[in-house]
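Now for the letters of each chain:
There are 4 protein chains.
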Amino acid sequence: MDKILLISTGGTFNKVYNPKNGKLIIDKTSNAVKKIASHWLCEFDMINLIGKDSLEMDNHDRLELLATISQSEYKKIIIIHGTDTMALTAKYLDDAELEKHIILTGAMVPYAINPVEATANLASAFGYLQTLNNNGIYIVMNGVFGSYAKIKKDRKKGKFILA
Amino acid sequence: MDKILLISTGGTFNKVYNPKNGKLIIDKTSNAVKKIASHWLCEFDMINLIGKDSLEMDNHDRLELLATISQSEYKKIIIIHGTDTMALTAKYLDDAELEKHIILTGAMVPYAINPVEATANLASAFGYLQTLNNNGIYIVMNGVFGSYAKIKKDRKKGKFILA
Amino acid sequence: MDKILLISTGGTFNKVYNPKNGKLIIDKTSNAVKKIASHWLCEFDMINLIGKDSLEMDNHDRLELLATISQSEYKKIIIIHGTDTMALTAKYLDDAELEKHIILTGAMVPYAINPVEATANLASAFGYLQTLNNNGIYIVMNGVFGSYAKIKKDRKKGKFILA
Amino acid sequence: MDKILLISTGGTFNKVYNPKNGKLIIDKTSNAVKKIASHWLCEFDMINLIGKDSLEMDNHDRLELLATISQSEYKKIIIIHGTDTMALTAKYLDDAELEKHIILTGAMVPYAINPVEATANLASAFGYLQTLNNNGIYIVMNGVFGSYAKIKKDRKKGKFILA
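Protein chains in written order, with this note's numbering: chain S, 2 to 164; chain R, 2 to 164; chain G, 2 to 164; chain Z, 2 to 164.
Hints listed in this document are in silico derivations from the structure and should not be mistaken for laboratory results.
Mixed in with the good hints, there may be bad ones.
Intra- or inter-copy, both count: the list cannot distinguish identical chains.
Lysine-lysine pairs mimicking DSS-like chemistry, simulated, CA-CA at most 25 Å apart [to be verified]: (1) K77 with K158; (2) K24 with K160; (3) K76 with K101; (4) K158 with K101; (5) K76 with K158.
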């Protein structure tokens with residue numbers, strides 16, 4: 002088993018409820034990932050980066066993400082990312098022609114509200130990465146797997162589907 | 002994406018609490034799998050079989066499982082199985098030299114008590130199966146993946162590890 | 002045991018997550034109350050009214066609430082209400098000098114995000130109402146009980162306290 | 002508000018799942034009560050005593066419970082107790098003619114499996130005790146309240162009802 006790096010950039014996956022103002026905010030410490038690791042009885046190598054709703058990510062953020070990936074020794078990387086601009090970041094990373102296997106995943110529902118979808122997305126990405134043979138940028142969401150170019154967010158259905 | 006068949010045989014994964022007698026019993030309808038599908042926003046082809054704690058499985062049960070797999074059109078199969086005799090069933094299926102990709106998974110904690118580990122095990126098996134190239138019997142549990150012969154239940158640690 | 006009427010007016014108690022737009026919205030059917038009843042193994046007489054975040058309630062809404070209470074045969078009533086204007090509605094109802102025992106309760110955290118506080122607030126109000134002897138408007142939140150005039154929302158602490 | 006003492010004696014309320022042997026065991030530290038306090042944003046004065054399934058309680062245990070109550074300065078006490086012999090312990094305490102207000106409560110489903118019923122039982126007992134005027138031994142379970150002699154566990158329905 003190759004080692005895998007998790008880069009948690011925020012997104013719905015990491016949102017938590019703030020009772021003082023009634024809003025959902027990004028948990029920049031990615032405690033959701035730590036909880037999954039503790040219940041799943043395994044460990045992740047993880048770094049927290051950006052910490053934003055993906056609608057608020059800009060190209061400065063994407064450059065920071067790209068630089069982190071480029072400089073990393075890890076060949077296999079999972080990025081936890083907001084769903085709204087996941088496709089945009091995937092394209093941005095693809096343009097860099099990295100010699101790595103990179104999966105973007107995230108969640109439609111915050112782990113803190115219901116852990117099942119977030120856990121399933123992350124764990125299925127983790128499984129998919131074990132056997133993936135080709136460099137590239139992939140998306141794994143809602144039980145669909147493949148090159149980022151083939152998977153789209155269907156806003157009406159509220160989930161990702163094969164395009 | 003190839004179609005995947007889920008065979009749910011019971012096990013801790015499917016245990017639920019019965020308030021009338023205070024005991025954990027196997028839910029033979031595998032409602033846990035249906036809940037994962039509904040939260041994960043995807044569908045599974047599933048059949049329920051045996052419906053036992055794996056300590057109570059006998060070779061009659063294993064023969065029924067083998068017959069079901071042999072006669073199935075699916076080449077990719079995930080078996081939800083109790084953890085105590087998962088290795089035994091894996092060996093039994095391996096002896097049959099099936100031309101299929103078969104993953105056994107399960108849970109140390111019932112989905113009904115905490116859904117994260119059960120969900121992560123099933124989803125990671127689902128991801129692993131996407132790109133698996135060789136026939137064989139595999140175990141996927143607690144973030145470890147591989148041929149059944151290399152993965153063991155560590156009773157002291159209460160999880161599966163690479164042997 | 003006297004019969005108790007529950008009037009659910011919305012509030013944080015009844016908020017649910019909408020994955021399509023990432024927002025928390027009021028569940029006007031008060032499914033949270035039905036879930037509490039089903040797990041607690043008891044029944045509630047309930048009516049849904051207004052269905053708003055209490056910041057959006059106006060005196061038209063409060064009049065509708067008052068009219069419903071006045072015309073009701075129930076002497077003992079629990080109102081599930083948003084926390085931000087709970088004090089305002091309590092004062093409004095108090096001015097009407099109703100010959101009833103009325104408790105306002107709600108939640109700082111939606112039942113759908115974590116059920117414990119919402120359940121505890123409602124259940125403790127339910128218990129308090131059993132033995133309450135005097136007409137009046139009461140607030141029951143976060144383990145404090147008493148006349149509405151003595152209990153305040155402490156926005157910094159994010160909970161209700163005795164004033 | 003008078004101060005209330007919680008005596009946690011174990012029972013289903015406090016059972017947790019042990020993944021190493023697949024059994025439900027009593028958490029003698031009553032972590033469930035601490036979690037309710039933390040989510041409900043209030044504090045409890047609590048002592049842990051006995052720590053048993055109520056089927057395993059004997060008169061030695063009941064004497065220990067009685068001695069603790071007799072010597073306590075608290076006039077208002079909630080006892081978290083297993084459901085199977087709750088009636089027996091209530092009668093035992095009643096025979097001692099204590100000048101106190103004592104409520105027995107518990108749960109049909111462990112807090113660790115689903116927190117709603119356990120939370121609702123404890124919180125409703127807490128509310129009921131606020132304004133209770135007469136010395137005596139009471140049971141509060143599943144939305145019914147009253148003298149212990151009038152409330153029975155209905156084993157077929159799996160809940161407590163007014164007798």
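- prompt: Hint numbers the structure violates, sorted upward?
  reply: Those not satisfied are hints 1, 4, 5.
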